[in-house]
Amino acid sequence: MITHSNISPILRFACRSAARIIQVFGVYVIVHGHYSPGGGFQGGALLAAAVFLLRIGEGREHSQRDMPSRVTLLLGSIGVLVYGAVGLLTIATGGRFLDYDAVPLPGLSLDDRHYWAILVIELAVGLAVMAILVGIFDRLLQRFHHD
Amino acid sequence: MLLAAFFGVLVWASSHLAPVGDPDAPLHREISPAGTPVAGAHYIHESYRDAHTENMVTVVLADYRAFDTLGETVVVFAAGVGVFLVLARRKA
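Same order as they appear, the protein sequences are chains A and B. Here the first sequence stands for residues 1 to 147, where the numbers follow this note's numbering. Here the second sequence stands for residues 1 to 92, where the numbers follow this note's numbering.
It is worth saying that the hints were derived from the structure and are not from the lab. Be aware that a few hints might be false.
[Said to hold, decoys possible] What the simulated footprint calls covered on chain A by chain B, stretch by stretch (three residues with Cβ under 8 Å from a Cβ of chain B suffice, anywhere in the stretch; the number is not a length):
#1 81-87
#2 119-130
[What the hints assert, rightly or not] What follows is a list of derived Cβ distance ranges for each label pair:
#3 GLU72(B) <-> LEU88(A): 14 to 20 Å
#4 GLY40(B) <-> PRO68(A): 40 to 46 Å
#5 ILE56(A) <-> ASP22(B): 46 to 52 Å
#6 GLY107(A) <-> LEU87(B): 45 to 51 Å
We treat Cβ as the ideally placed atom computed from N, Cα and C, and that holds for glycine.
Given only the sequences and the hints, what does the whole structure look like? Please build it.
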């Protein structure tokens, strides 16, 4: 059993620092997908990698406050539902499914509505990918954990 | 033997591909050999005007093909749910 006390402070510090950098880079990859290669799937995988590093470096219990295992499926559902909700919203405001011309953002031109809708979509995808990857990782580990 | 034959087929087929960046390749023309407009030309012309976004790949992924991307996200989600169900904590 790995506890907090028998993990080297150097290892903890290194993992924690690296994970924060990876998380910042993951958010950058998601929101900068408009201008460079990147987007929700890639950025979500990076965010999940940061949580994996914390899980490995700090032990499962102590990384729970960064990303609790029990909320992973919930967060994944929220990501998928936000994506679907944007599609239904555009139907509700008179467009077709995922027709961003109909996104109700007053004062924005049509192309800027597309811009912001794409950003929302990418964030939802990133959230879903991160949460599901972390959830799968935790589920695969838990059988070893309870032995 | 089978692998070698398949490799040979692949090499033979790839030697007939158009050169990278060839503007006369059927894929890169505005009108395909069948006489229909090519989607890629439309994306290149219109993606910045439609979505104010410089990365054409993002526009195609999240705007023109947004329904497809929704499906991809649901596939990822379904994979996660599948793992959750298969590896559900058993009282053993």
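Numbered hints the structure breaks, given as an ascending list | Failing hints: none at all.
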